[in-house]
Amino acid sequence: MEHDNIYLTNLRDEKQNMWTGLANYFRKRSMWMLYYCTGCGAIELPPTMTSRYDMERLGMGPMATPRQADLLLITGYLSVKTLKRVIWSYEQMQEPKYVVGFGSCPINGGIYWDAYPVINHLEAFMPVDMSIAGCMPRPQAIIDAFEKLMDEIQQGKAVGYKRYRKHYDWYKRNQDLVLNRQSAVLTPYVDPFASMPTAAELMAQESEDSHV
Amino acid sequence: MYDHIFKRAQSLHGDKITCEKKHPQQLEIKTDRHYVMNLLSWLKTESYVHLAFISCIDWIEENQFELVYHVYSYEEKNHILVKTRLDRDRPWMHSIIDVWGHAQPYEQEIHEMFGVYFPGNPDLSGLFLHNWKDLPPMRKDFNPKDYSLALYSLKGMGHEALDMDFIQEITELEVE
Amino acid sequence: MSPLFLLLLVVMPVGFGLVSLALPKRLSWFLFFFVNILVLGVVFKLKSSTGLTWDLKFNLFSTGAVSLKLAVTHLGWFFLAISSVATILFSMFSLDFNDRKHATFAAPFWMILIGATNGIFLSQSWIAFFFAWELMSWTSLLIIGHGKTPSFKAGIYYYALSFFGTMAMMAGIWLLYHRTGSWDIATTTLRIAADFTTHRSFAMTVTALFAVGFLAKSALFPFHMWPQMAHAEAPDDFSAYLSGIMIKYGIYGLALFVIPVFAMTPKGTMKIISGVPWPMYALAWISAITSVIGTVMAIFTNDMKRLMAWSTVANVGYIGVALSTNSSLGYAAALFHTANHMIFKGSIFAALAAVKFRTGEREMHKLGGLAYVMPITFMTFLLGIIAAAGIPPLSGFNSKWMIFQALFEKKMVFVATVIFFSSTGAFLYLFRALHTVFLGQLSPRFRHVKEAPMLMSFSMIILMILMLIPGIFPGTVTGFFNNILASFGFAPIKTTLNSMTGSTASINGTVIAAVFGLAVLIVFIMFLLGARQHKVAMMDNYTCGEDPEDWKVGPERYHYGYDFYQPIKPLFAWMPLGAVEKLYETLRRSIERFGNLVSSISADGSRLGWTFVIGILIIIVTGVMK
Amino acid sequence: MNAHALTALKLTGIAFGAMSLGLLFMGLGRIVSARIQRRIGPPFYQSFIDVIKCFTKTSITHNFVMDLGIIMALGGLIATAFFVPFANFSVLGSSSVVIVLYLMSIGYLGMAMGVSASGNPNATIGISRALALMLGYKIPFVMVIMAMILTYNSSDLLTYALAQNHGFGSWHIFKYPLGFIAVEIAFQAMVGEKPYDHMIAPAEIASGPMVELSGKYLGIGFLLHAVQLYVETGLIVNLFLGGAQTWYIMMVKMFAVYFTTMCINAVMARYRIEQGIRHLWIWAGSFALLQLVYTRIWG
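Chains as they are written, first to last, in the working numbering: chain A, 63 to 274; chain B, 774 to 949; chain C, 45 to 670; chain D, 3 to 301.
No wet-lab data here; the hints were simulated from the structure.
Heads up, some of the hints might be wrong.
Said to hold, decoys possible - Pairs of lysine-lysine residues, derived as DSSO-like cross-links and limited to a Cα-Cα distance of at most 30 Å, are as follows:
#, chain 1, residue 1, chain 2, residue 2
1, D, Lys-177, C, Lys-613
2, A, Lys-224, C, Lys-579
3, A, Lys-234, B, Lys-906
Kindly generate the complete structure, drawing on both the sequences and the hints.
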């Protein structure tokens, strides 16, 4: 599957002028999020969205598909298997797009820092514009982070998508290292039953062994 | 509560099994791996119709795997653990999907996580792990910490051909 | 202008057809195209010579003077003109369609059929009309059953229903002659209209017999079953002709005889319901039921040609409803919709034929995404379905609007509601066909499919233009109607080149097209002002983050096409849609039993043949002796 | 400046007016929903921000049919908006309701075509639902309109609007009460709000037709909904709520219609597709039929 929506053009350094400033105003006031419920953090979002904290005040709202969304929320730990889907979804999103990592897991692995299926640094695989520390962050912290992100968008600092385009090779290499690696990391495992023997064959072999 | 089944098991399979009462409503039966199939088929006729799960334990000091079949009876309200030991070097076990069809994914998972082979199971492909090349991860001789540090730490990811600001930004994140 | 031109219109295609029976297949198709050019030329030469008559009178079996009278009437010329324009496009289409691989032997019969068609539209005596009608039935049977078993079965089915109608019509003609002593159509129409005051039941019987004949031909309820078999199984290029032109013979018959009879009937002789005589009101409901059946069946059909055949049934229903209003507006609406349907259904079938020509598939769910490889065919189909759904600014809207105006005029609001139901349902099946065949995922099997060949594309482009023109300038077609209306004693309708006036409003096709163009322009500018877009692969879709290839899902499995409207199927479960088919099946079984009885009397087949011949001889001899 | 250019200019004004009004209604509707759920809700101009932002984003297209369809969709609906009288005023003079009903369809057809061309089955399922639902709401709606045509012997919307300009008592809501109930039920389905939001169903088929729309395509999708609101609330106001003499009364009445819809939307759950159509046929259909029979016999 070729990823046609990643187009590697030279990144023009867009200066902040009146038009980009205006565009950034609209972008910050209307952030539609794709909250990919990768982990535990999804439970903190309903209170953020509903009447207690009311995210819609800020013009934010959930969207159904990555095509429509501006903001990708990585809520909590991210397993390798999910990572593939998250990258797929991120690449389907349209620019400008922002990524927010929830909790400690996307920052450094959190309590899963030594677990084999969970990645430790989200920053290595996709550009993260804003990280929220905590396990899990409370809705207040989430709203706070969104407001900070809005400031950064207005100032033209939240340019993770440009970084992704510019350093696509590096990100791609890291992704491949985890997702498409060809060799074992520690000890290669040789399946003794790779030839898929039947039970009768195995038993015959065992009785042979015991005779010897 | 389980006296009835305990006695019947003793009388019918006495020479092949060892029974132990672990807990009210919980009975442990240890047996040889070639006898598990017979025992489970018999238990199924004795109203133990529900196979709840198959679990696997790595007894690394004894160089053995232990398979535990959890069966349950809705009539006697009893839980029976059928336990058997496998050789850790060549771990294989008869598939029981002829007795319980839904044992298939349980066996598939044990195959993936421990490397126990189930001849007769039609699908032993990977279920959870993505592109796994190492030892099966639930074995005790597999070190997840080393694995995680070797694969997921930022050190392993090269910084050539990148501009300095970006390297700065990335390496600041490194936690050591 | 010599009257022999009229004879030429009938004899020339028949003669060429007979000659080309001896020619190779490919050559006969070129001859076919050539004949159509000649026919079109003659027809347009006859434009201003209304009233031109060719008559042949002779005596047969001393039953009195038999007259074979051909004449140009306003109505006949209109039908001749639209059918010959459509035919020449279909024949151009057929030239490329019948290449070495696909050629059928239909061309000679088709030529004879064109002669018969011209005969039907020119006949002014019932004998000539009947001869032409029979010739048409036989040749079309031969084309539909073009040497394939399912096609032959469909042809037999078509012929059986058609035969029933023809017999009814023959009985009607004999009764008519018996009463009036004339074969002339115009004369008998006047007589039978007058008879409604004096011999009411006789007049009613005769009209009913004719009506049955025409309803059977036009596939109105309860004869709505045959198009879905005949149209679907006929050669693909012939389906366009079958659906565009042949289904209109019945409409022509109704417009020629049945409707004028009721229009000329003195007032007060019949019970009036909703402003129309009650038989007309019954016809309205028959047509409305036909359109509902056609629509509902089309919604749940998976075979694309069968779907469009049901759509034709539904459209004939609209035309029947329009005719039944028995007013000048309704009559004009029926003619207008006939002309439009001829073009848009012709282009839909042409597009489907092009698809079948390139892919060889007829089941819709196996296709998909062909718009990206066959853009001209797609545009033809798209404009065809826009016209068929009655969306402005294409031709279908104007005629549908006129039908509604005619219904509003007579306050037939319940019929109008039913018609509106089928008109909305038309959306469902037309979009389904559009999506399943032309949009969605393109199967790898068809990735290298090419656009239809040049002549096919060219004829499709002309069909597209012919759909646009009556939509933007309705007057190009409606301008012919006032003469036709006057010849049957209807009041003229108000129409100019751009606009039409109905009973409750008037519309201006040009204005609608212009404001639509303006709106599209505004949106297009907005579209250009937005940030740039880039093209992605067809399978690069939102799939909940999964790569379809991981699940072995290719474009074919990712195409939503099979059983498209499954969720709403339960809503139509109560409709006894198969009832008529069951009735026919019972009839067929009884006939088969009777046939077995006859064959059991004569021991083997050869003797049966002799029995048949002897029986015929006895009938003739007794007829002559008498 | 000749007359045609002036008309074109006026129509362009109407096009942008319709879009703006629809977007304003959408923003207000979101506030209404929020207040019912005891939230504060977004500012009233939120929908404008959303649409402008959509136009500043990059977008994807799968093929030329998608572009063609999406442009045809909004074009068709804007063309429909030209035919809806606003405060007793119609630039084009005539505004036959039959044209409005059929011209609206070209918008839906364009939308359907554009999103089907994306090749996503979710989009097509959404469209198949929308078309099926159309079979449900169009029939009652048309029956009520036919009752009016019977009374006035005219299918011009302006005629209906002018006939109701004689005070509160002359409103059609009192003349055709059953018809008004039928149309209100059908209207809920026409604008695709709950309980008839089968087409969008975000949790079920990933927002249906909108699934592959991004950037300006999505922006056009929002504008489509905005113009649809303008056309459909305008229809209801002209048909039942007495039209309006002044532009602000017209806007207030249009919003009142939408307000009712949003209130119902906020408290209802979704029907299943065939339940929805059955509900429309049974309830809206029977009210409309009663109205039509009444008008045909005694009206």
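Verification of the hints:
{"no.": "1", "hint": "Lys-177/D / Lys-613/C", "in the structure": "violated (37 Å)"}
{"no.": "2", "hint": "Lys-224/A / Lys-579/C", "in the structure": "holds (20 Å)"}
{"no.": "3", "hint": "Lys-234/A / Lys-906/B", "in the structure": "holds (20 Å)"}
In summary, the one numbered hint that this structure violates is 1.
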